[in-house]
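A.B. asks: Going by the numbering used here, 1546 is the number at position 351 of the sequence shown; the sequence numbering is gapless.
Read the hints as simulated data drawn from the structure, not as lab findings.
Every residue gets a Cβ at the ideal spot worked out from N, C-alpha and C, and that includes glycine.
Among the hints, a few may not be true.
Unchecked claim - Listed next, the in silico BS3-like pairs over lysine-lysine satisfying Cα-Cα at most 25 Å (straight line): (1) Lys1389 <-> Lys1245; (2) Lys1475 <-> Lys1389; (3) Lys1658 <-> Lys1640; (4) Lys1655 <-> Lys1505; (5) Lys1389 <-> Lys1476; (6) Lys1640 <-> Lys1655; (7) Lys1335 <-> Lys1364; (8) Lys1476 <-> Lys1429; (9) Lys1246 <-> Lys1655; (10) Lys1361 <-> Lys1329; (11) Lys1329 <-> Lys1364; (12) Lys1592 <-> Lys1239; (13) Lys1607 <-> Lys1592; (14) Lys1607 <-> Lys1247; (15) Lys1592 <-> Lys1429; (16) Lys1247 <-> Lys1364; (17) Lys1389 <-> Lys1246; (18) Lys1329 <-> Lys1505; (19) Lys1447 <-> Lys1364; (20) Lys1592 <-> Lys1247; (21) Lys1358 <-> Lys1329; (22) Lys1652 <-> Lys1607; (23) Lys1335 <-> Lys1389; (24) Lys1640 <-> Lys1652; (25) Lys1335 <-> Lys1361; (26) Lys1239 <-> Lys1607; (27) Lys1475 <-> Lys1655; (28) Lys1361 <-> Lys1429; (29) Lys1505 <-> Lys1658.
Claimed, not checked - Label-pair distances were calculated between CB atoms; the ranges are: (30) Tyr1253 <-> Tyr1641: 34 to 40 Å; (31) Leu1520 <-> Ile1248: 47 to 53 Å; (32) Leu1620 <-> Lys1246: 37 to 43 Å; (33) Thr1639 <-> Cys1231: 34 to 40 Å; (34) Lys1358 <-> Tyr1253: 34 to 40 Å; (35) Ser1547 <-> Trp1500: 27 to 33 Å.
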Amino acid sequence: MDATLAVASRACCSPLANFIQIQGCVICLLLATGWCFAAFVRSKVIRCLKKKIEGGNYFAFICQDINSLEHSAQLNLPRVSVIMPLKGFGEHNLQNWRSQITSLYGGPLEFLFVVESIDDPAYHAISGLISEFKDSVDAKIVVAGLSTTCSQKIHNQLFGAEKMHKGSKYVLFLDDDVRLHPGSVGALTAEMEKNPEIFIQTGYPLDLPSGSLGSYCIYEYHMPCSMGFATGGKTFFLWGGCMMMHADDFRKDSHGVVSGLRDGGYSDDMTLAAIAGEHKKLIFSPPVAVFPHPLASDLSFARYWNYLRKQTFVLESYISEVNWLMNRALFSVHCYLSWAFVLPYFMATIHSLASIRAQFSNYFFGESNTLSCGLSLAGCLVVCTVIALVSMWNLTKVEIQLCNMLSPEGPKMSLDSYNWGLVFLAMLVDNFLYPISAMRSYFTKYVNWSGVRYYLKEGKISKIERLKQDGVTYSDLGGKRLYNKRVFIPKVSFAGSLVKRLIRWRKPKRFDS
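Given the sequences, and given the hints that come with them, work out the whole structure.
C.D. replies: Spelled out as structure tokens, the structure:
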């Protein structure tokens, strides 16, 4: 063992090994820099909100210009259709749906909850919620049926777009695991009105880990991606959990958005991002568009692995040759950087073990300067890792503070529940497994998603198999299961009752089609 450890230690001091370890330090520092910039963008919003509140605008979380809350201004707001494709029912769904339909947007607003059939447990759950708010919210359930040419989510989205109000100017697609702020719809609509050149407006989730390693792996997976959404404006990234677009783009199939999604589409956000890039269209991510995303309390490591498989599988879908090249480049870069991040920790462990063992063994482990060089590189890696973790901690703290300010009536979030030892472990596990998952997706060309197996051929869905299993888990993140019994809706809380009254006060007139 001493001989093996000595050989490994000397190998980790070669010029190539030194480059790999220095590269790992650079990756950590680049991550820290990106998270610092993202925190700066979010912090500017917090400072602006505080300034507005100090100036007497106590409704700044809804609208930063208090004059726009005048009744005359509210009457001119455009109609928005919110479409939510649903499947299954999980522990956080009810709270998420309630946050969506209790939006304090002052203009005409309709909610379309789209399910594949009435047998879906979400159907009964959402029926009870709609009946609770039937006098104050324009919401309905739409049964879309089974998809045949695209993913079930895309099928539900397109079916909902067909059923939306003819007078809707904008359409907002939301995932059922998105927890909206009261002013989110208004903020997204205001940006669309301000800049008509925006093709798609998006946001990004702030994961709230439940305590398991799998939940922390998902949190760590999303954090590097969050840099691309914290630009305060133009971005090249798109998250399918929140997408606002012009309704006419779906009515007229502008730039092939409908046909591109319908004809073999697997991923809604990757497909629309590719269309936006091909036609030089603007994707916009406002700094207030960050949404709490509670993860399931029983989120197992196996469910995390299936989620990672779905994320890597999207790189195998494409709608054009350029899109294929971009996905291959993203595939290669992400795989390289993932293992380039993990490998230095393996080498640092060898350096540390060799230095410790050399103190108690008569075996020659090499020159002292060789051991000290290895320990120096390991020390640099530790310092860079701490800097990256502190930067991630700071961004999470800022986003939690922003979410608490944007949802003053909601449950307060805190950093106290985060285990940073598990965060570091998740960084290693997630980056080690990503290339393995990506390679498996590349060779298998199929994936299981919400009880359905999708096969790809030439970048498009070519075959769909529906798996018949009792108690199948529908969602990897929300832990939604297929229940046979009707789901009963608990009574609304005091905060929910207050929001409901605010909605009635803000909407004196209901707009009918």
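A.B. asks: Please go over all the hints and tell whether each is borne out by the structure.
C.D. replies: Hint check:
{"no.": "1", "hint": "Lys1389 <-> Lys1245", "in the structure": "holds (23 Å)"}
{"no.": "2", "hint": "Lys1475 <-> Lys1389", "in the structure": "holds (19 Å)"}
{"no.": "3", "hint": "Lys1658 <-> Lys1640", "in the structure": "holds (11 Å)"}
{"no.": "4", "hint": "Lys1655 <-> Lys1505", "in the structure": "holds (15 Å)"}
{"no.": "5", "hint": "Lys1389 <-> Lys1476", "in the structure": "holds (16 Å)"}
{"no.": "6", "hint": "Lys1640 <-> Lys1655", "in the structure": "holds (10 Å)"}
{"no.": "7", "hint": "Lys1335 <-> Lys1364", "in the structure": "holds (19 Å)"}
{"no.": "8", "hint": "Lys1476 <-> Lys1429", "in the structure": "holds (10 Å)"}
{"no.": "9", "hint": "Lys1246 <-> Lys1655", "in the structure": "violated (49 Å)"}
{"no.": "10", "hint": "Lys1361 <-> Lys1329", "in the structure": "holds (21 Å)"}
{"no.": "11", "hint": "Lys1329 <-> Lys1364", "in the structure": "holds (23 Å)"}
{"no.": "12", "hint": "Lys1592 <-> Lys1239", "in the structure": "holds (14 Å)"}
{"no.": "13", "hint": "Lys1607 <-> Lys1592", "in the structure": "holds (12 Å)"}
{"no.": "14", "hint": "Lys1607 <-> Lys1247", "in the structure": "holds (21 Å)"}
{"no.": "15", "hint": "Lys1592 <-> Lys1429", "in the structure": "holds (24 Å)"}
{"no.": "16", "hint": "Lys1247 <-> Lys1364", "in the structure": "violated (29 Å)"}
{"no.": "17", "hint": "Lys1389 <-> Lys1246", "in the structure": "holds (22 Å)"}
{"no.": "18", "hint": "Lys1329 <-> Lys1505", "in the structure": "violated (36 Å)"}
{"no.": "19", "hint": "Lys1447 <-> Lys1364", "in the structure": "holds (13 Å)"}
{"no.": "20", "hint": "Lys1592 <-> Lys1247", "in the structure": "holds (21 Å)"}
{"no.": "21", "hint": "Lys1358 <-> Lys1329", "in the structure": "holds (19 Å)"}
{"no.": "22", "hint": "Lys1652 <-> Lys1607", "in the structure": "violated (46 Å)"}
{"no.": "23", "hint": "Lys1335 <-> Lys1389", "in the structure": "violated (30 Å)"}
{"no.": "24", "hint": "Lys1640 <-> Lys1652", "in the structure": "holds (8 Å)"}
{"no.": "25", "hint": "Lys1335 <-> Lys1361", "in the structure": "holds (15 Å)"}
{"no.": "26", "hint": "Lys1239 <-> Lys1607", "in the structure": "holds (21 Å)"}
{"no.": "27", "hint": "Lys1475 <-> Lys1655", "in the structure": "holds (23 Å)"}
{"no.": "28", "hint": "Lys1361 <-> Lys1429", "in the structure": "violated (29 Å)"}
{"no.": "29", "hint": "Lys1505 <-> Lys1658", "in the structure": "holds (16 Å)"}
{"no.": "30", "hint": "Tyr1253 <-> Tyr1641: 34 to 40 Å", "in the structure": "violated (53 Å)"}
{"no.": "31", "hint": "Leu1520 <-> Ile1248: 47 to 53 Å", "in the structure": "holds (48 Å)"}
{"no.": "32", "hint": "Leu1620 <-> Lys1246: 37 to 43 Å", "in the structure": "holds (40 Å)"}
{"no.": "33", "hint": "Thr1639 <-> Cys1231: 34 to 40 Å", "in the structure": "holds (38 Å)"}
{"no.": "34", "hint": "Lys1358 <-> Tyr1253: 34 to 40 Å", "in the structure": "holds (38 Å)"}
{"no.": "35", "hint": "Ser1547 <-> Trp1500: 27 to 33 Å", "in the structure": "holds (29 Å)"}
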